[in-house]
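**Student:** What follows is each chain in one-letter form.
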Amino acid sequence: MTHILSSITEGVRNVWTAKFLIGLMFVFKLLSSFVLVFPLYLMFSSSFGANVKASNLLSGFDPSLVIDFVYHWRQTLSIYFFMLILVCGIIIAVYLFLSGGFWGILRDQVKKKRAAIPAELMENTLEEFSGYCGKYFGGMLKISLLMISLYLLAFLLVLIFTVIFGSITGEVNIGEVTSWRMIVRIVIILFIFLWFKMTGDYMRISLVENQGDPFWTVIRRAFRFVLTNTSATLSLYYILGLIWLGTFLIYLGSHILIQGMFPAGIFILIAFIAQQIYAVFISFYRLVYYSSQLSLYDRIEQ
Amino acid sequence: MRLFPRLLLPVFLLSLSLVVPTFCKTEDQHAFPIASYRIEVTLDTLGKKLKGDEYIVFVNTSTRSIDTLYLHLYPNAFRSDTTTLMRESMFPDRIKREEKYRGWVEIERVTLGSDLDWSDRKIVQETIMKLPLSQPLSPAETINVEIKFSVELLQIFMRLGYSNRDYMIGQWFPKMAVLQKDGRWNVHQYHSNSEFFADFGTYDVSITVPAEYVVGASGYLTDEWKNVDSSKTLVFRAEDVHDFVWVASPDFLVYKRMVDGIEVNFLCKPEHAKEAGRILDEVEFAFKYYNSSYGAYPYRNFTIADVRIGLGGGAMEYPGFITISLFNFPPDKIKLDAMVIYHEIAHQWWYGMVASNEFEEAWLDEGFAVYSENRVMERRYGMKANLVNLWGLNLSGENLTKLSYLIDPQSDPVVKNSWEFMDYLSYRACVYSKASLLLETLGNYMGQDRMSELLREYFRRYKFKHPTTQDFIQVTNEITGEDFAFLFEQILFGTGICDYEVASIKSEPKTSNQAKGLFRTEVMLKRLGEVVIPVDVLIVLDDGEKIKQNWDGKERWHRIEMETNSRIKLAIIDPEDKLALDINVNNNSLTTEAEDSVILKLFTQSLFWFEWLVHFGTSY
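For the record, the sequence lines run as chains A and B.
Count the first sequence with the numbering used here and you get residues 2 to 303, in order.
Count the second sequence with the numbering used here and you get residues 38 to 657, in order.
These are calculated hints, taken from the structure and not from any lab test.
Think of the CB as a built atom: it goes at the ideal place given N, C-alpha and C, for glycine as much as any other residue.
Accuracy of the hints is not assured; some may be wrong.
Said to hold, decoys possible - One-sided and incomplete, this derived list gives chain B residues near chain A with beta-carbon spacing under 8 Å:
| id | residue |
| --- | --- |
| 1 | L168 |
| 2 | L170 |
| 3 | L440 |
| 4 | S441 |
| 5 | K502 |
| 6 | G554 |
| 7 | L555 |
| 8 | N621 |
| 9 | N623 |
| 10 | S626 |
| 11 | E632 |
| 12 | S643 |
As the list claims (entries may be wrong) - Residues of chain A placed beyond 10 Å of chain B at every Cβ, according to the derived structure:
| id | residue |
| --- | --- |
| 13 | E11 |
| 14 | V38 |
| 15 | F62 |
| 16 | F83 |
| 17 | Y96 |
| 18 | K113 |
| 19 | P119 |
| 20 | F216 |
| 21 | T218 |
| 22 | I220 |
| 23 | F224 |
| 24 | L241 |
| 25 | M262 |
The task is simple: from the sequences and hints, build the whole structure.
**Tutor:** This is how it looks when you write it as structure tokens:
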């Protein structure tokens, strides 16, 4: 447990030292989202910009306006969704490129910490970041392709589990979300998918830690690491996950709390600021995930 | 099987013949029995078969002599995967080819009139049986038809079949087609996009099933006894109806409640037992609403059966009987169960009693049922979010109707043979949704009180009859004292859409000395759709003055010009939302004060959700 908690605190510290990564991650997500939302903004503007009834949307969801909006823009929306898929593909490819930089820089932070390098010398540069982006792109691409097959495997496992579980406990209704059968089912399905997702992270760690090794050796090492340190890796992953869930619930609660406290215009502004602060936090937290797992890997391998 | 003693047949026929004149004299209270049936049927649960003997008394109510009888043999629709129904059905071919969906009816013997064996003379064309008569049947003359038949049951498909130990037996017996007043038969094959049409009569049906089975049926139970072979027979009687359905299962639990003097039976699957109270509450609410709004339900009982859905059959209406398949949604958040119950119960009025031709004018029952169901939803659960209220997403029954209409608003007119629609979506959009929106628009234009009066009068006048579209238009015009033919003509017989737009608004200061301080205000209105309906226009000025105008909508555009004391603030076309048929309400208004905060809200919310999308999209 000490290992795990230390990994988290070290992870947070390392990310904070390389703050520019948070900025990069946030700007990347913001710009990508802006590209995706801009055509919608034009459609919103055209439909609701001078529409008296549009003020209904300020107080909530008005289905009659939304239904007619979708009908009116149905042809444009179908083109838009096609564009959305294409742009999402590009965004994922760009992130694949950037992820080499994120992992590389955070790995350096762990190494420098081990070598007791003074804090003023621990600063990384954008040049180093770009270098890692290029250096690990091939490996990251291969891992992402491998991950697709692993998720398919996870899906298969979920299907098998669902059939077996259903035959033992009986079918469960969609509406019974609070029944133990549904809760156990959701927890186990989440576990299966998250285990594969976590293994993907350790593959990336293994890639940046074992530079120059053949790809399958890297993958084998990652699996060996995860399987031989199951409790440590899972504990770290789920502790980080629970903290994330807690922050999300706090965000959601505060959003609901401030609803109705302010006039519509001010609420929109406050909500927007809160959303973007939370988006920055989420960027930070993903890097904490990376960094904490790197730290754990380093500690155990040492 | 306890066969109906042949000796008693004359007694049955005599009793019907005595009843006929009685019904004729009090036709407001009872239907004229044109086609009455006595059926004895046995369910063979091992062989998955029905064996039946049927005695039909048919009266020629047309003005001409006829030389042929036509009967429907609906189970033959499942005889192969190439029947009309199977060809038209939207289920995948792979499913339609499966052997478990094969079923049919065998006509073993047909006797006409006085013991005349007519078995060899029958001509069967898929789901229609033609029986040439040895001598013409004159107007007002009665003929007796005796048929021995068996039905091979299939896995539930549409309305007939079994699912494990549950049986749904609809459209199962040889049934008389409708003879029109002019002596022509209104007879069609069993189509996928169509329901049915039949004449009223009395049904006496004896059903023999294994003793442990619980049976629900149209009509009321008159007798029940156990047989020596560990089976039991239940005798049901249904008067003034035009169809008979029954269901059987050993698993049904029976819950009863009296509502406005009607005995309501809920046949419930054990896994849904805890929902029984809620379902009966919904049934009670619906009956009270419809009884007070349209006219009293005349039968002594009503049955609602919770059936396995199979391939269809989960939400069906029959006289005095409906089926539902309960959804697994949280009922306080998504009220689909309630909506289906309100819809099917509305059919007791619009189909059951006001029995329009569902083959050819399906909107008269489906459109009316959707309209009625939406009114009950509003009354019980409020105007907004009465259907879905889940995580900020809200939807009313009315919204769902509009959504369904918008899926395909222009491929077909509303009044058309059901099977001639382009596809099921177009059928649904027109017959269910567009028709309902028409009735709502009509109600908004004439006022809700007059609309209620119209529906009450329409029901009173056509109870136990077969009204047509023209009959409804006539009643509408009589009640309102106006001619609404222009509206019905466009909406029911045309494929045009209704869309009005406020295209531009502006105010410019007048320059002449005499008019100083005045403004020349202009509002440009456009009719983007083909449907022409007069609309109200509301113009609001900066000083708060409100100006109301009316535009007949006949031209494609209309410019309102006026001299005003201040600048225009906004203009709204159809400000009271009367035009439920308007396909796009977003262009119904314009304001000079742009709704920036709305756009800002939509933009920032969307941005945040896209940030999440990108976050999760890159976190594999």
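**Student:** Look at each hint and say if it fits the structure.
**Tutor:** Hints, verified against the model:
1. Given the 8 Å rule on beta carbons, the hint for B:L168 is violated: about 48 Å separates it from the nearest Cβ of chain A.
2. The beta carbon of B:L170 is not positioned within 8 Å of any beta carbon in chain A (closest approach about 54 Å), and the interface hint is therefore violated.
3. Annotation: interface hint on B:L440 holds; nearest CB of chain A at approximately 5 Å, less than 8 Å.
4. At about 10 Å, the closest approach between the beta carbon of B:S441 and any beta carbon in chain A exceeds 8 Å, and the interface hint on this residue is violated.
5. A distance limit of 8 Å between C-beta atoms decides the matter here; for B:K502 the minimum to chain A is near 37 Å, and the interface restraint is violated.
6. Interface restraint check: B:G554 against chain A, minimum CB-CB distance 26 Å, threshold 8 Å, status violated.
7. Hint status for B:L555: violated, given a least beta-carbon distance of 24 Å to chain A, over 8 Å.
8. Given hint, B:N621 at the interface with chain A, holds; its Cβ is 5 Å from that chain's nearest Cβ, closer than 8 Å.
9. Taking 8 Å as the C-beta cut-off, the interface hint given for B:N623 holds, the closest approach to chain A being about 5 Å.
10. With its C-beta approaching chain A no nearer than about 4 Å, B:S626 sits inside the 8 Å limit, and its interface hint holds.
11. Because the closest C-beta pair between B:E632 and chain A is about 5 Å apart, less than 8 Å, the hint holds.
12. For B:S643, the shortest C-beta to C-beta distance to chain A is roughly 5 Å, which falls under 8 Å, so the interface hint holds.
13. Listed as outside the interface, A:E11 is consistent with that label: its C-beta sits roughly 22 Å from the nearest C-beta of chain B, beyond the 10 Å cut-off.
14. Interface exclusion of A:V38 from chain B breaks down, the closest Cβ pair being 5 Å apart, not more than 10 Å.
15. The non-interface label for A:F62 is inconsistent with chain B: the shortest C-beta to C-beta separation is roughly 6 Å, within 10 Å.
16. With a minimum CB-CB distance of about 16 Å to chain B, A:F83 clears the 10 Å threshold, and the non-interface call stands.
17. Chain B draws A:Y96 into its interface by the beta-carbon criterion, the shortest separation being 4 Å against a cut-off of 10 Å.
18. With a least beta-carbon separation of about 27 Å from chain B, A:K113 lies farther than 10 Å from that chain, consistent with its non-interface assignment.
19. Consistency note on A:P119: stated as away from chain B, and its beta-carbon is indeed over 10 Å from all of that chain's, at 34 Å minimum.
20. Distance to chain B confirms A:F216 as a non-interface residue, since its nearest Cβ pair spans about 18 Å, more than 10 Å.
21. Every C-beta of chain B lies more than 10 Å from that of A:T218, the closest at about 23 Å, which supports listing it as non-interface.
22. Once the 10 Å rule is applied to beta carbons, A:I220 is consistent with being away from chain B; the minimum gap is 16 Å.
23. For A:F224, the requirement that its beta carbon stay farther than 10 Å from each beta carbon of chain B is met, with the minimum near 17 Å.
24. For A:L241, the non-interface assignment is confirmed: its Cβ lies about 13 Å from the closest Cβ of chain B, beyond the 10 Å cut-off.
25. Taking the minimum C-beta to C-beta distance to chain B, about 16 Å, the non-interface status of A:M262 holds against the 10 Å cut.
Of the numbered hints stated above, those contradicted by the structure are hints 1, 2, 4, 5, 6, 7, 14, 15, 17, listed in ascending order.
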